Each structure stands twice: as C-alpha cells, then as structure tokens.
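Colleague: The whole structure should be built from the sequences, with the hints applied where relevant.
Protein chains: 2
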Amino acid sequence: MSIVVMKFGGTSVADAARIRAAAARAIRTQKKGHQVVMVVSAMGKTTDVLVDLAEQVSRGQAPPKREMDQLLATGEQVTISLMAMALEELGAKAISFTAGQIGIVTDDSHTKAKIKSIDVRQIRRQLAAGKVVVVAGFQGVTEDGAVTTLGRGGSNVTLVAIAAALKAQACENYTDVDGMFTADPNIVPTARKIERISYDEMLELASQGVNVLHNRAVEFAKKYNVPIHLRNSGNERKGTMIVATTKSMERIVVSGAALKSKLARVTLRNVPNHPGIAARIFHTIARHDVVVDDIIQTLGDGGKATIAFTVDLGELSDAKKVVDEIAAGIKCQAAYEEKLAKVSVVGIGMQMHTGVAEKMFKALADAKVNIQNITTSEIRISCLIAQADGHTALRCVHDAFGLGKK
Amino acid sequence: MSIVVMKFGGTSVADAARIRAAAARAIRTQKKGHQVVMVVSAMGKTTDVLVDLAEQVSRGQAPPKREMDQLLATGEQVTISLMAMALEELGAKAISFTAGQIGIVTDDSHTKAKIKSIDVRQIRRQLAAGKVVVVAGFQGVTEDGAVTTLGRGGSNVTLVAIAAALKAQACENYTDVDGMFTADPNIVPTARKIERISYDEMLELASQGVNVLHNRAVEFAKKYNVPIHLRNSGNERKGTMIVATTKSMERIVVSGAALKSKLARVTLRNVPNHPGIAARIFHTIARHDVVVDDIIQTLGDGGKATIAFTVDLGELSDAKKVVDEIAAGIKCQAAYEEKLAKVSVVGIGMQMHTGVAEKMFKALADAKVNIQNITTSEIRISCLIAQADGHTALRCVHDAFGLGKK
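Line by line, the protein sequences are chains A and B. With the working numbering, letter number 107 in the first sequence gets 1152, and the count goes up by one each step, no holes. With the working numbering, letter number 118 in the second sequence gets 1163, and the count goes up by one each step, no holes.
For chains that are exact copies, the list does not tell them apart, and a pair is met inside one copy or across any two.
Distance condition first, Cα-Cα at most 27 Å in a straight line; then the derived DSSO-like pairs of lysine-lysine: (1) Lys1076 with Lys1110; (2) Lys1404 with Lys1384; (3) Lys1407 with Lys1384; (4) Lys1110 with Lys1138; (5) Lys1157 with Lys1138.
Note that these hints are calculated values from the structure, not bench results. Source: prediction; values computed, not measured.
Modeller: Next comes the structure, spelled out in structure tokens:
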C-alpha cells in the first residue's frame, strides 16, 4: 500500500479547530486507500511562550542547549497527542510518537542537530495495523537518549527524512499558501503558481528571500530524491511539486523571480591587493556572526582592490563595528549604503540559453531602474538596486520573461 | 556521600521566580555536602490548560488514555528543563531527565500506572559528576517506550520511589505549609505542628480528609520504609517526619484530629437479613462508581437489618439513583440526610490505651454535640455529627486530648 507523509506547520495546528481540520484531511487521504503518516509542529506561538519562560528563568544568560531542547520538544509532543485524539474522535485509529519513541536518532549538536538514522519499523507496524501515525517534527534523540531539536526548518527536515526512510509515494507540506509562485503575488498580481520546480531552483530562490520552504529540507529532499508537494491546508488544490531536474525543465529559461528588500552594502576601497586579504577580512566578519550576502571584488587604480558585500539591514550595525576596525587595521576606506534591494531571476534553463542577462538588464533599463551591482550563479542572475525601485523591478522582470503566462 | 531527594509541587514551581527559589534551596542543600535529586511537578495550572485542550479537541468524547498521558507528561518536562536552567544560571551544574530518560518503568495502565522498576545508574553517574539531577515527577514509561502517568499524588510516588531506589538519606516533600498539624489550624487555632507521625496514622488521617500527602505515596513509603520530611518551601523550618511506628510513639494516645465536612448519609431500613445481601448492595453501588465512606449495619425488629453508609455530598445524587433502584428491588425503604460531618481522632497509642472512646464521647457531650453514628478502626475513632457542629467538635476533641500542648 502506498504511503503518504503529510506535514502540518504551526499555523495549521494553531488551535483545536485547525487540529481537527488537519486530522479530517489525513482521514480523507487514508480513505483514498493510502497509509498516512502526519508530521506536526508545535501549535502557533507555543515555542515563543517556552522561549520566554527560559529567558525569565535564565535572566538573560544563555540557557544550556541540552535543556533548551528538552524544553522546546514539549511543543510538538503536545500537538501529536492532541492530533491523535482528534483523529480518534473523528473515527480513525491513531497513535502518536515523539522522536525518541520511534528512534529519530541525531548527533548531539543541541538546537541544530542532524538526523543520523530513523528506525521505521515501529511506524510500519502501526501503519499495517490501520493507524494514522502522528510524529513530532523538529526533534530527535541522541544515542544516549537526550532530546535534540533540528533547528530552523526542522519540522520540514523531519517530513523529508521520514518520507525518504519509508520510501513514501507522496510527501506533502501543508501551509497557508497554495504553493510556490513565479513571484510574490502581493507585489506581482500576475504571478502564477508554479506546478513543478527543481530542488536547485528552490534552493536559489530561498537564498533570495523566498520563505516557502527552508533550504535544509530542500537539500535533504534533493539528497534522497524525495519529491515534495507544497499544498494549502485550507483547500484541495494541487500545489507545487519540488522535484529533481528533468530535461523538460530546461526548456523553461526562468522559473521564478525574487525580491530581497532591506539590504545594505558595505564597500572597502583601496584594499591592498595581496593574497589572503579577502580571506582575512571575511574570516573576521564571520567570527563576529555577521551573515554576508553577495560579495564582489574589483581591481581599481594602482593595484588596489575594491571589495563590496551586501548584508541584511538588521546586520549592518554589527557589520559596521567589525569593518571599521578592519579598515583601520589595513588602512583603507569603508563606506556604507542603506535602502538597497536585490531582484533575481532563477532558472535551470539558463544554463542552456543565451541572452538571459541581456533581457533582464534591458527590462530594468526600460523601467528606468538603475543597476548598482550584478552577481550571478549558474542558474541565477541578481541585480542590486535602490530599495524604492524594488516592486517596479520585480514586476518588469517577471513580465519580461513571461512568467505570468501559462 | 549522602543523597537528599527534594520534591517541589505545582505551586512551588508556578512561575520563574519560584523555580529559581526552589533551585536556590537545592543548591544550599548541595553546599551542605549532599548529593541532590529534585523531583518536580508541572507548573501551577499547566495540567488544567492541557486537559482543557484535550477536551476541545475530543469534543466531550473521552480521549485515548495513551494520548492523554503523552500530553500531560509535557507539563513536568517543561518544569525539569526550566529548573535545570535556573540551577545552571545560579552557578550549579545540573541535568534534567524525563521518566523515559532514566528508566522509571511502569505497567501500561495509562493515567494510573504503577512503577515496576527504576534504573538509578544514570542518576548516580550524574550525581557523582557533581550535578543536581532534576527528575520529572508523575510520569513513567512502559517497556515499549509509551509515556504513562501515575495518577493522583503521582509526583509524590516518584519522590518516594526515587528515594527508595537510591537509598537516600532524606526524602523531602516541599509544599506551602510547614508540615502536618494536630488539626486544621484554620479551624483550631491551638493546633500544633506534629514532629513525627507514623505511616499508619498518616494513612488514617488522609482517609479522613487531611490532604497533606496522597495515600499512595504514604503506602509506598511505608512499604520501602522511606521516611518523608514534609517541609515548607517558603522557610527553613523543620517540618513533619513521617516514619515507621516506634515504641515511643505508642506513649502518645492520639496524634491528630480530623474533620470531614460535606457528608451525606444513606440509610436502608427493613433490609431482609439473609447472607450476601450487603455484598449485593455494595457491589451494585461500586459498579456505578459511587465511592462509599463508612458503612454501619445494625439488626432491627423482626430480623430486618438497617444498613447505613456515608458518601461525600457531591456523590449523593449519583448514590440516590442507584439506591432507589436497589430499595425498590428488595422492597425496603431508603432515606437520605445531608449536612453531616465526621470528626475523628487518630493515634497508634490507641491500641495500648483504654478509655479513648469514652474521653472523646464525653468531650462531644460536654460541647452539646450530638453523635449520630460511631465507626472505629484499630487506630481511629470517628463520630458522625451535624455539619453545623463540625468546628466546635474538632476544637473540643483537640482540647480533650491535649493536642495543642507540647
């Protein structure tokens, strides 16, 4: 019998009514002849409440990570038991499992553990007995029995890992949107739901600020070749399938466009151009936990280099402190610009087609959007622009590649 | 090194401040040279919130007990991790354990499981490493890894079981009162804290409505001969030691007095007096989940019997339904009285001394309290009285046996 693994995130299980709605959907899937595993997150704001308690108790000191995991894992444990109750009340047979109870074994990197193995025998036994199996997402257990959590996007990692371990026919991720769109529909009214997209395109789009599915889950799915179906828990529509690259995908030049707003640029001018200087700069920045977006280096007058990089606006004040010190150390000038944005197009087909960059630049030029920096990957072209031009840029690029048409 | 096991109930861990206060107390105990294990309950009203969620999801249907346990056990898991954080923040080394993580193995009677074994090796290892070990009370785990809960008084059962398994030097139960009193101090101003009391006396007093420690924990402590120290988490005073009976205890005739209010009496008159009739009546009553307090049977005119029993007022309407049916079936008369109370004196010494009943009856007579029924056990004498006389009766009996004096 085919197995369907369905994951419901925090907003889809935020209260009793939504838990019952998710349970009803799982039962409908079971009645179509599938064996059903549900992976669930903590209810709505539960995690925030627990984190707040930990802060009160710890008075600003960072709590031990092992204990933080022990605490946070209760959030999903509450949801699995309530979900099993809802399933039973709606007439199904159900059983809930924490990660420890079914052996989702991780390493001991508390708060960001990696799954090492899953023992699916218990799940298979319960499925064979006709039960809907409800599994706690986001958590694992070390070989010593300590509770771990998988970090951001962890529940989706659980979804993909369980689907891979069970060789499930379908792996469905339920949220409150219909799937992945060619661009943010709030900005681009003609944006269209994407039916199929490759793991690599998803990864590129996620790195450009599209928060549909966390990269760790996509990477995991790519590694084990698990197709993920992004669906809306509020309706029965087909959503977006995330799959491995196929030949037919290459015919589509651009799959989607993305806009990342609230960026800042840091520019270091007159940097002595000798080997290892960039490494030293970015090592120092990383050590201070500043996350760097794109980096560009160009050679200027007199053999001196210009090194520029973008950061999220929220990181700028931290970046400034570090960069000012570096600049003083190597005797170069630092400059900072705020109110920037980045528009990107992503597509597997880019590798096979020419003229993509040209078409993008022309579209932006026609819309009178000035390009400040350009960065590219094999399947992505990004342009740094003024934040005020963001929406215009996204719309014109989306139109230029005909993304809104079927 | 000596081991002290300290248990903190729901009100003693109700918020961050109280959790920190309990942690500070454990650290003071550790600094006196002891190894410390803490057993903690769910914070304040957490259990009520979880039960309410279960009811919402289950829409009035009784939720599966396995899932109820999976849900409720999260309450203590939250407290153990927060307690470990508080201990660490206050400078101690600490580690928290769920019942599953240290192998508190129970049978599979969900919601009222019984402990079968405790594997204390992990606790001993952590104590030897200088850590305060924080254990979740109230919960266990079956051999299959399902979470169980121990039912009412369950956290105290955990306390005693862990103290027994570790052969702890001290087993301390912290609440918001100073210990066990000779009578309820709210009713009897001269009531005095009892320094030492036997398991059997505690059991008798608890059955007479003194809610200091649940009978299951006392029975467990008696079985394994674990002395329990009842203490107040708000001060450093010595509390009440609950211990095995000693010769010296027998010199004290009466240890304490108790009042059980809000009782009702059911009387069946003209009951045919043939073998098995009482068994049949009380079997039927028990089958309808009505909890019966004391039973008295007397033989009346013409070989007919009178059977009377008391129930909590809250049980009366359920009792009426069953008893009316029984009365119709065996053609006898049923009568019901409300607004009754029962005053009791309890003491191991009673077995060795005469005149105890006489002294009690005289004290009540002098206070013009009419006795409606008398029941006794080896170490208890109880008198059923009008509810309005309750406080007067408790005070005069307390005085008559000189319980208020040192």
